[in-house]
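Reconstruct the complex from the two isolated chains, following the hints.
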Amino acid sequence: MAQKKIDRRSFVKKMAAAAAMTAAATMFPGIVFASEQEQGIPSGNLDWKKGPCRFCGVGCGILVGVDNGKAVAVKGDPNSSVNKGLLCVKGYHQTMCIQAKDRLEYALVKKNGKYVKTPLSEALDLVASKMKSTIEAHGKDSVAMYTSGQSTIPEGYVASKLMKGAIGTNNLDCNARLCMASAVAGFLTTFGADEPMGCYEDIDYADYFITWGNNMAEMHPVLFSRMLEQKNNRGAKIIDFATRTTRSSMASNKSILFEPQTDLAVANAICYEIINNGWMNKKFVDEHTNFLKGKTNIGYGLEDNFKFKDKATKISFEDFKVFLEDYTPEKVAKYSKVSVKDIKYLAAIYGDPNKKVVSYWCMGMNQHTRGTWMNNLVYNIHLLTGKISEPGNGPFSLTGQPSACGTAREVGTFTHKLPKGVVMNEKHRKLAAKIWKVPYENIPSKPTYHATEMFRAVDRGDIKFIWTQVTNPLVSLPKTSRYRPAMEKESCFVVVSDVFPTPTSDVADVILPAKWHIEKGGLYGNSERRTQYWQTMVEGPGETEADAWMTIEVAKRMGYGDLFPYTKEGHVEEIYNEYRQFHEGKKHGMAPLEVLEKESGAIWPFVDGKSTQWRFNAAHDPACDNGKDFHFYGKPDGKAVIWQRPFEPAPEVPDGEYPFWLNTGRVIEHWHTGSMTRRIPVLHKAMPQAYVEFHPEDAKEMGIRNGENVKVVSRRGSCVLPASINERGLPTRGQVFVPFFDENMMINDVTIDAFCPISKEPDYKKCAVKIEKV
Amino acid sequence: MPIKSYILHPLKGQKELLISDLKGFTECEVIPAQNHEVVILVTDTSSEIADTNLFNKLNELKNLKHMSLVSGFEDK
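In order, the protein sequences belong to chains R and V.
First residue of the first sequence? That's 153 in my numbering, and the numbers climb one at a time after it.
First residue of the second sequence? That's 2 in my numbering, and the numbers climb one at a time after it.
In isolation and in its complexed conformation, chain V is listed as follows (with noise of 0.2 Å):
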């Protein structure tokens, strides 16, 4: 049962919309910085391959300039 945290750069301008498509995602929580083109992405999946399946929707988001991989827990 991955949980992850990623640092999210969005296109220029893009920011409310990157956030308003990862609410689209039940496994996401967003927390948006107030003062810098960031987010902060706490991903919480059930296993492996759900959480690789997540990871590759996450990059296909248009609104997505780049992403980063800060954490990574395995809850059992």
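Isolated chain R (complex conformation) (with noise of 0.2 Å):
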């Protein structure tokens, strides 16, 4: 017994030397501790089991070991291509939360003001007949599903499968919406096909990598350690073009900060100078380019039930030219405060034909009133010289949840999507009918609520029953000013279903306690296509279930058992071959289970036993068949669009009464709203709570000292929080920025509401506000 003792906590040592040493890679990358790192952590007799990582959308293979049933340690995955053995601090401890003392163990349903501990089917059959009832009373659009980028591949399959198939409503959407829609939308309006033609493998061959509003040595840490490796050993340059210093920034080649929402400008002003300059690749735009342009001053959706339709209208290069002329160096410079030197030398770079680059990006470009446009826009730039789809050349834009593509994007968990294509088109409609064996005519062809407007709904009392799932919607989304008494009202039935308590679960008619990441097996997808597989490696505790599994017992209660024939034991798997079967063929197959069983993953298209690494190139993809060397097949014609789009303003700026921008985000320590993080003691104690940040001299000018309590205040609601100063990141003047992980500090509730018309995604990037002493 003794020696066990001292053998579990010499373990412990070096569990707690791995964490540090894992940190460390992360922020200084080949760093190099000789034998220990080598040796890593003991093996034991821990049985270790693969699958992918619960957070970020880097999509990092790890190991948990797993001792009598108990997850006792995780390490990277050396052999995962992603992240070759490295993890970051959130990776390293995501095990410890499961263990946390408030764990939802079993249901509870809301009885006279009070939670009740139910049995789970008790629970479930309340849910299935409050649904039932709701829609024989109101309709089947009085009923919502909101689920997630969390959630497994087969639990946004069957969310699906309920709601549009079985149901018959489009009342489906996913807080995807608040982080991805805007890259969807700008890859579909760009290229007809949605996600990144390229990989990570792109970092080994970039000389350059150019972050849009990107804050990846906090967000995603494991590729930014990856490119810091390039850049110490073969001289990779990377430029961080942002509103905010930050620790990529610190640890970049240069830092170029601009004016928020004139990063539209700055990327026409990138395309001016390569045309101007003579470095448009004509061979490549003459073949595999269309210039369209779309309608302009087109709204931020601040009242309820906007409603925006783009309209496209084919444009010649020379209007093009023409349009751009708005754009020059000179006058830009003037309203987005990056100089004219380095607008030039932006655009040097993408211009210079013998230099390979990298476009990074993620919330800075999506959550944005005019994301689609921004998407567009840095396309725009890589399709003017040709550096696209090539080792080293491309765009990629990156994703913040585990499974935003994977299941959001692909499986189709927003109102207007189907597991292969849109509700609008009857072809995907026909398609889903038939391998979902429901009538054809049970599949709505028009999209209902996107995220902002179905809890407008809520509020309105247009819906009356609201099933959230993996996601914590009162503390994300924006305006929680409205949506939090919204969801309070008796008019709608809130169940939520979660591993955690949360301020969404507070509002909640029942709690179903749901399995977390590993102890039920799932399926992910990443940022770089790449679809990951687990099986369960430890028992939940109490009663808790997949929400896959609570989503089909829903289903059979509802008399939908016959959609729903999934065996328990087996239903990952099950589900998973039916899906499939939506995406089979060259320019979108999915790799088979026993591949995945084996394999760290593996990226889609997945043909021949082969992942395809870079789309449209027809030397590396073999959905290509125009018989040219790149074919943008997601458009009828074959290429892919340079859209016009010009500069337009944030719907919200600073002025007398509001002088400073609101800027929201995140840190390396914490996942999104902090319901599992905030329940790891060693990253609970390194943030342990949020901040406002100020520039040095703002703060100074007001009086305001480090750690002072003060209040952010917008038209909207007002949050106090300790004022940070020359800590984590450096605003520029007249700019604070707040992270959102603290329940305690709802800074969402000073947010706006305002999204971009294309895409519905709200902006969490910029808003107006004023500074109070507290």
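Derived from the structure by calculation, the hints contain no laboratory data.
Since the model is a prediction, treat every value here as computed from it, not as a measurement.
C-beta: ideal position from N, C-alpha, C; glycine also.
One should not assume that every hint holds.
[What the hints assert, rightly or not] Now the in silico label distances, taken between C-beta atoms and shown as ranges:
(1) V:S69 <-> R:V474: 51 to 61 Å
(2) R:P840 <-> V:K24: 23 to 33 Å
(3) V:L18 <-> R:N506: 25 to 35 Å
(4) R:P840 <-> V:M2: 43 to 53 Å
(5) R:S468 <-> V:S69: 48 to 58 Å
(6) V:T53 <-> R:R161: 11 to 21 Å
(7) R:G737 <-> V:M2: 29 to 39 Å
(8) R:E749 <-> V:M2: 32 to 42 Å
(9) V:S69 <-> R:K466: 54 to 64 Å
(10) V:L18 <-> R:D658: 22 to 32 Å
This is how it looks when you write it as structure tokens:
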């Protein structure tokens, strides 16, 4: 026994050492700790099980050490091409949350204002009967599901099948609307096909990495460490183009700061320079692109029931050149606060035919009232120069969540989506009806509510039943000052499936206890189109259940059992095999389970036993069949689109009354709303609470000291936080930054629910606030 | 019985002296990086009080520029 105690203590010490070495590796790529690092964690008698990380969209491969049915260690999978054995500080500690003392282990049903522990079967009876009776009384569109980019592929698939195929409503949307919808709309409008054409191996070939409003050192630390390794080893350069100085800026070769929203103008100025200096790849542009323009002055979606439909009009290259005359570096420098020299510097990088360039972005470009346009504009730059779809050259939209691509985008848990295509397309509806074995007429042809509008509908009383899974909207939605009271209204029956109590479960009528990641099997799809599969590693506590299985059980109780014939033990695999039928073919074929069982994932299109790393490039992609070097087969004529998209201002800009920009975001220690990472002691201790960052001169002018509590006030709400000066990040003058992970400091009470009219993704990066001393 | 790990940043050029200082503490295990001015420190103390005392002593080391906590375990 004593020997066992010593062994355990020694083991814990090695774990602690490994955690520190891993964290150091994310800060200092290539760092070597000699034999300690090579030895890694002792295997002991642990059973190491393979899977993807639970957190961000990078999709690192992990190995979970299981001892006597408990997850006791996590390490990076050295066989994963994504992370090559590295993990960030969140990834390393991820399983520590599942033993949290306040874990939801049993169903809770609110009775007379109090939560009562209830058998899961009884709680699912109630959910099904409530959903059914609501439909009978108020129609199909009175019920809704709101899921997640953290839902597994089977979870998203059965949610879509239940809502769209069985019930017959498009009232299904997900939190990926809040982070990736602009990327989706950007890909579809430019290429007619969603998701990046390249892969992480681009990092090994690029000469330049240009990050657009993207703090990768904190948000995608393992990928950033791979970039830094290339910087150190072969002189690749990182250019950070952002509105705030971050850890990424400090590790980059050059940091260029711009005034919020003017990225639209700077991107056009880069296009102007490329054309004006003769750097355009004319052959590529002539063969592979069309020029279009869309509507302008398109609004911001601030009013309920906002409607917008873009209209594309063909333009000539000459028209495009004339349009760009408004975006000379000299004109743009005046309002972007980016110098003429720096605009020309950026353009020269893209314009140099001998340099390979990858552009990376995530929330800065997507959470933008012109997010679709911004995505289009960066594609314009790569299309004008022909730097796309080849190793080391390409635009690469990073995802925030582990299966924003795999589940939200590929399975299609948005109101307008189906597992293949969109509800508006008859052919796509017919395919879904055939595979789901439902009448074609069941699937409505019109999208209903996107995320923001869904919660507005709850507020108006139009939605009378909502079921949220794997997400915490009452912390993550914009303008929670409206949507929290909305969800508290008696008019809507709220069901929340989660692993831990959250501010969202606080307003639920029924709380369903969900299994965590490794307590169930599943599949995720990461940013580089890589699908990863894992099997159950440990049992969940109490009556916890997988979300997919709870959806199936509710479907059965509602009378749809014949559409959900899956077995409890094999439902993950059975659902995936059914789902794969949607994507058969060279353009999106998914790897079979037997491949995913062995490998640390496979990239789709998976054709003839091989991943396709660079889509649309005939040398790499078997789906190219136009006889040319590139084939953008998402569009009927095989050509990508260069879009004319102007600069338009943000809906709310600082003024005399509200003189500061508010920018919100994340920190490396915490995952989104913090419901998991704030229950991991080491992460919580490292970053125990949110804060508001000031530029030191702004703080000095207002007499604000570091750590002093101040109130951030907008036209929608307020939030009191401690001031942070010269700590983690440095906003530009006239801007403040607040991370949103802290449910005790609800900065989303302050943010605005304006969104991109095309993608419907809200803008969390720009609204006007004032600061009050408290 | 807390076990913690830290990343330590020595003052410029003082890494070897810092390592030497750290080796004077029996509760400390030191893992120096080979190619960076960084040291990993793992502490193993008998109680929360001992852990706090050690933390305070470490912060007084003259060759230490900055230390950041990475992980903490309470092994009972």
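Against the structure, the hints come out as follows:
1. V:S69 <-> R:V474: 51 to 61 Å: With Cβ atoms ~54 Å apart, the hint holds.
2. R:P840 <-> V:K24: 23 to 33 Å: 32 Å Cβ-Cβ, so the 23 to 33 Å window holds.
3. V:L18 <-> R:N506: 25 to 35 Å: Given about 47 Å between the Cβ atoms, the range is violated.
4. R:P840 <-> V:M2: 43 to 53 Å: 23 Å, violated
5. R:S468 <-> V:S69: 48 to 58 Å: 57 Å, holds
6. V:T53 <-> R:R161: 11 to 21 Å: About 20 Å separates the Cβ atoms of T53 (chain V) and R161 (chain R), which means 11 to 21 Å holds.
7. R:G737 <-> V:M2: 29 to 39 Å: 58 Å, violated
8. R:E749 <-> V:M2: 32 to 42 Å: 40 Å, holds
9. V:S69 <-> R:K466: 54 to 64 Å: 56 Å Cβ-Cβ, so the 54 to 64 Å window holds.
10. V:L18 <-> R:D658: 22 to 32 Å: 53 Å, violated
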